[in-house]
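Here the structure of chain A is known, so what remains is to put chain B in place on it, guided by the hints.
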Amino acid sequence: METSVVQRRVAREQPWRPRVEWGAWRSRVGPGLVQVSFIAGLVLAWQIVADLGWFEASLFPSPRGIAASFGRWAANGGLLTAIAISTRRLAIGYLLCLLVGIPVGMLIGRLRLAEWTLGTLVRLLQPIPGIAWVPLAVAWFLSVSETAKIFIVITGGIFPIIISTSAGVRAVPPLYLRAARTLGVDGLALFARVVFPAAVPSIVAGMRIAWAFCWRALAAAEIVLAVRTGPGQEGLGGLIDVARQFSQIDTAGMVMVVLAVLGLAADGLVFGTLERRIRAQRGLGNDE
Amino acid sequence: MKIHVQDLTKQYGSNGRSVLALRQISFNVAEHEIVCLVGLSGCGKSTLLNLIAGLDRPTAGRILVNGREVTRPGPDRVLMFQDYALFPWLDVQQNVAFGLHGLPPTEVRARIDRYLDLVRLSGFQKSRIHELSGGMQQRVALARALAMNPEVLLMDEPFAALDCQTRNLMQAELLRVWEQEPRTILFVTHNVEEAIFLGDRVLVLSARPGRILETVPVDLPRPRQRTSRAVVEMREHILNVLANEMLRET
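As they're listed, the protein sequences go chains A and B.
All letters in the first sequence, in the order written, are residues 1 to 288 by my numbering.
All letters in the second sequence, in the order written, are residues 1 to 250 by my numbering.
Chain A with its partners taken away, still in its complex shape (with noise of 0.2 Å):
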């Protein structure tokens, strides 16, 4: 059969690939494989360059190193006191945030007034580091109390609970509004029943947000506040302050490792896993 103008003019101007091609590797080989790869890789080179002697082990920390300090304080059980000691705190504030910031969040961006009070209120405080209301937070609690902690936590993450929530009512498509009406459903019931599930991805993102937000202030705050008790007894923020009385870098490095892992732990498992399983309910594309 005789090909065709057009036929030839389409053939001519495939454009040439390579015959591997990128995406079918990607697709048999899959992220996960290329992640832990390059971490591994680095973490290798990492342990090269310490191995080299340019600088001084006790500015420096090394894979090994922390490797050994997680073996140290793993054993004399300060590590998981510091963990439960800092989860406790990070749960406690959090909570809270989620109290509070979610049903202020939905009522600045349902009402006009809320927003133009409470929703200013909110911008102006939203910049100010978690740190930063240290001072307050000694001045108004004792220094050594878990109130103060906890205080700093929220801080931390109220504000982008506030902003995602009322930034996801304020989205709520008006269609969903007076379909609900016109079948009967308005007042307090259209807010539950409609604003607030409408409103639900965005609430996630921010509390995904938040989380992180929280676990940074902790530390923080652990840091700057810290008495030395027990092993362990200040949190993992705490003991980050011990390796700096005493110069243990390479503890300062695992704990920094272990609020990585666990920070990525939470994000992935609890958050990702919510917006994914969100995303597929609803139909919406996975953009992640």
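Everything labelled a hint here was simulated from the structure, so no lab data went into it.
Backbone N, C-alpha and C fix where the C-beta goes; we use that ideal spot for every residue, glycine too.
Please note that a few of the clues may not be correct.
What the hints assert, rightly or not - Beta-carbon label-pair distances, calculated as ranges:
| hint | chain 1 | residue 1 | chain 2 | residue 2 | range |
| --- | --- | --- | --- | --- | --- |
| 1 | B | 128 | A | 33 | 30 to 40 Å |
| 2 | B | 160 | A | 31 | 23 to 33 Å |
| 3 | B | 42 | A | 187 | 26 to 36 Å |
| 4 | A | 173 | B | 163 | 33 to 43 Å |
| 5 | A | 260 | B | 128 | 35 to 45 Å |
| 6 | A | 187 | B | 31 | 30 to 40 Å |
| 7 | A | 273 | B | 12 | 45 to 55 Å |
| 8 | B | 163 | A | 175 | 17 to 27 Å |
Same frame as chain A, but now just chain B:
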């Protein structure tokens, strides 16, 4: 008279920059009648349905449904939308049950089954909304509206987002459902053929501010043939009226 609309006027915005959407519009709809409203886009068709649904308040004039003045949404009237307006966080049966709060669970169950069956979607109770095609989504919306057991169904271009074949099918399906469970239907469309296929009467609206230019009774037995001479002539006539109106406006 099921629906009585008298001297209805709707003005949007403040005095400085106001838009007159409807001016002194009056008509009646009898019980179990299907009345279709056609008009140019922006002629106030949707405004009219919103007012009858009670989602918006008229500037002047009044609306009576069953002899009672409409002041807010009520269970006797349900509005359906072009974009289905289903709730994506609920599955199909939860969407159908959305307006049924306060009823005993057995009754809710019975209505879900009955109306999903009526729109031929039994078996899709637990499906997510995004898994359904546009036509199926509009069937769910129809079941959700019917489950409220309203006397009046207000439909705002409900099939406008569907492709041509699905739209024709849905028109036939609406008539089938209406014959099984007659209701009073006020159906807004910009599609003249659709209006003639469905309606007992077609009201032709003017450009904004909307007035009724002409009332066209469709005295043809159902099912109607879209290409029959009578339908085509009627369509020609209405299209001419609309074309003249469009020329007058520009």
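We went through each hint and held it up to the structure:
1. B:128 with A:33: 30 to 40 Å: 32 Å, holds
2. B:160 with A:31: 23 to 33 Å: 42 Å, violated
3. B:42 with A:187: 26 to 36 Å: 32 Å, holds
4. A:173 with B:163: 33 to 43 Å: 23 Å, violated
5. A:260 with B:128: 35 to 45 Å: Since the Cβ atoms of residue 260 of chain A and residue 128 of chain B sit about 36 Å apart, the hinted range of 35 to 45 Å holds.
6. A:187 with B:31: 30 to 40 Å: 31 Å, holds
7. A:273 with B:12: 45 to 55 Å: 46 Å, holds
8. B:163 with A:175: 17 to 27 Å: 21 Å, holds
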